[in-house]
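Trainee: Sequential numbering of the sequence shown, starting at 1, is according to this note's numbering.
In case anyone wonders, no lab produced these hints; they're calculated from the structure. Among the clues, some could well be false.
To be verified - The calculated lysine-lysine pairs, modelled on DSSO-like cross-linking and capped at a C-alpha distance of 27 angstroms, are: (1) Lys282 x Lys35; (2) Lys116 x Lys76; (3) Lys247 x Lys314; (4) Lys77 x Lys51; (5) Lys316 x Lys264; (6) Lys124 x Lys68; (7) Lys76 x Lys35; (8) Lys124 x Lys135; (9) Lys68 x Lys58; (10) Lys76 x Lys53; (11) Lys282 x Lys32; (12) Lys68 x Lys128; (13) Lys155 x Lys127; (14) Lys35 x Lys51; (15) Lys123 x Lys78; (16) Lys58 x Lys78; (17) Lys264 x Lys241; (18) Lys241 x Lys116; (19) Lys264 x Lys124; (20) Lys58 x Lys77; (21) Lys76 x Lys58; (22) Lys123 x Lys135; (23) Lys77 x Lys155; (24) Lys256 x Lys282; (25) Lys282 x Lys247; (26) Lys247 x Lys116; (27) Lys76 x Lys32; (28) Lys35 x Lys53; (29) Lys78 x Lys135; (30) Lys32 x Lys256; (31) Lys51 x Lys316; (32) Lys314 x Lys32; (33) Lys116 x Lys243; (34) Lys316 x Lys53; (35) Lys123 x Lys77; (36) Lys264 x Lys282; (37) Lys235 x Lys314; (38) Lys235 x Lys124; (39) Lys256 x Lys243; (40) Lys145 x Lys128.
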Amino acid sequence: MSRPRFVVVVVSTLCFHLICLVRPAYGFTGDKHTKLVFQVLGITDTASQQKLKDYLDKFNANGIDDAKALQGDELKKKLQENAPEIAGRLPDDFSSLLHRWFFHWGYNAVDPARAKGAEPFRKKFDKKLDDMLAKGIFTADEIAKLRLAIYDIVKTEWINRNQWMHSQTQSEFGLPHEMSTGLATIVYEIHILADFVSPDETAQDQVEALGNLSVHVGDELLNVGLENLFQRTSKSNDIQKLKQQMKAVLQDPIIKGVDEELRKEDSSFQDIFAACGSIGTKGPDPRRAMRILILLKNNLPQLLLEVYGDRPFKEKGIVITGGSGFGLGTITSFFK
1 MSRPRFVVVV VSTLCFHLIC LVRPAYGFTG DKHTKLVFQV LGITDTASQQ KLKDYLDKFN
61 ANGIDDAKAL QGDELKKKLQ ENAPEIAGRL PDDFSSLLHR WFFHWGYNAV DPARAKGAEP
121 FRKKFDKKLD DMLAKGIFTA DEIAKLRLAI YDIVKTEWIN RNQWMHSQTQ SEFGLPHEMS
181 TGLATIVYEI HILADFVSPD ETAQDQVEAL GNLSVHVGDE LLNVGLENLF QRTSKSNDIQ
241 KLKQQMKAVL QDPIIKGVDE ELRKEDSSFQ DIFAACGSIG TKGPDPRRAM RILILLKNNL
301 PQLLLEVYGD RPFKEKGIVI TGGSGFGLGT ITSFFK
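Could you build all of it, start to finish, from the sequences and the hints given here?
Mentor: Structure below.
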């Protein structure tokens with residue numbers, strides 16, 4: 001190897017490693033999503049974690065993150081069945097999309113063609129369809145048929161995933177159908193909140209694909225998650241207080257002190273977000289998402305025990321430990 005080429009290789013290698021060292025590793029692996037659910041639900045017992053790990057790994061991966069069945073050639077194969085005369089003319093990069101454009105739209109978004117949470121997904125595909133129409137690849141009628149075919153394929157896939165997530169949540173925790181819907185919604189939104197905390201904000205796709213945080217927190221976490229899980233209980237006043245505090249987070253334009261509050265949490269919780277760097281230096285939504293996760297972590301386990309007791313969970317081999325003592329009684333101090 002000549003000296004000039006050797007120098008170039010060495011410098012390039014050093015630069016690569018330097019970038020890897022100084023740039024945080026954004027995004028969450030399935031393992032981190034699972035660990036976060038354990039922390040937020042107060043499941044710290046090793047045996048309980050072992051029992052639930054496979055379910056949560058699959059919930060986060062197969063239920064939410066794995067979009068391979070709708071990317072690239074896989075989507076084209078499905079479209080070949082629905083619209084064979086169109087599928088063969090699709091550009092190679094038609095569905096080369098970040099996985100977050102799929103299935104990150106809300107657990108209760110029954111129809112991605114209409115659900116508020118799926119608006120980023122629709123806009124992304126509509127842009128691709130509009131571009132193909134403008135380039136004359138397809139006629140307006142063909143675009144309309146293609147759009148319906150895509151939405152039908154995605155809806156069918158989402159319904160299958162949603163049904164699996166619900167049945168597994170009900171089976172693992174032993175709660176009635178409606179309460180299981182609430183708990184599955186919460187588990188799902190814990191995943192989404194972590195994604196809001198963790199994106200590389202220079203990669204705009206990662207931010208845009210998640211949509212509106214208010215939809216995830218307001219329409220999903222509060223109106224279905226907490227509402228269904230704790231419906232008609234003696235703790236309804238406490239639930240309302242918690243919901244009001246979360247709404248206040250969404251309305252707070254500044255969101256100060258998130259890093260300080262994170263440092264007050266136990267090390268197991270902090271370690272999950274270690275690769276994200278300072279949350280306080282990120283945009284408003286990552287800070288809001290972190291604050292809501294902390295609120296959940298410090299209140300949800302105790303509420304589960306107070307409302308349901310520990311017996312139904314222990315019968316399923318699950319031990320829940322109460323919150324860290326932050327509590328609803330002192331929750332307002334978090335916002336001062």
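Trainee: Hints first: check each against the structure and report whether it holds.
Mentor: Hint-by-hint comparison with the structure:
no., hint, in the structure
1, Lys282 x Lys35, "23 angstroms, holds"
2, Lys116 x Lys76, "26 angstroms, holds"
3, Lys247 x Lys314, "33 angstroms, violated"
4, Lys77 x Lys51, "37 angstroms, violated"
5, Lys316 x Lys264, "32 angstroms, violated"
6, Lys124 x Lys68, "17 angstroms, holds"
7, Lys76 x Lys35, "35 angstroms, violated"
8, Lys124 x Lys135, "17 angstroms, holds"
9, Lys68 x Lys58, "15 angstroms, holds"
10, Lys76 x Lys53, "33 angstroms, violated"
11, Lys282 x Lys32, "20 angstroms, holds"
12, Lys68 x Lys128, "19 angstroms, holds"
13, Lys155 x Lys127, "19 angstroms, holds"
14, Lys35 x Lys51, "13 angstroms, holds"
15, Lys123 x Lys78, "21 angstroms, holds"
16, Lys58 x Lys78, "23 angstroms, holds"
17, Lys264 x Lys241, "22 angstroms, holds"
18, Lys241 x Lys116, "26 angstroms, holds"
19, Lys264 x Lys124, "39 angstroms, violated"
20, Lys58 x Lys77, "24 angstroms, holds"
21, Lys76 x Lys58, "25 angstroms, holds"
22, Lys123 x Lys135, "18 angstroms, holds"
23, Lys77 x Lys155, "16 angstroms, holds"
24, Lys256 x Lys282, "11 angstroms, holds"
25, Lys282 x Lys247, "20 angstroms, holds"
26, Lys247 x Lys116, "18 angstroms, holds"
27, Lys76 x Lys32, "32 angstroms, violated"
28, Lys35 x Lys53, "9 angstroms, holds"
29, Lys78 x Lys135, "24 angstroms, holds"
30, Lys32 x Lys256, "25 angstroms, holds"
31, Lys51 x Lys316, "9 angstroms, holds"
32, Lys314 x Lys32, "24 angstroms, holds"
33, Lys116 x Lys243, "21 angstroms, holds"
34, Lys316 x Lys53, "14 angstroms, holds"
35, Lys123 x Lys77, "22 angstroms, holds"
36, Lys264 x Lys282, "19 angstroms, holds"
37, Lys235 x Lys314, "21 angstroms, holds"
38, Lys235 x Lys124, "42 angstroms, violated"
39, Lys256 x Lys243, "20 angstroms, holds"
40, Lys145 x Lys128, "14 angstroms, holds"
In this structure, the earlier hints numbered 3, 4, 5, 7, 10, 19, 27, 38 are contradicted, and the remaining ones agree with it.
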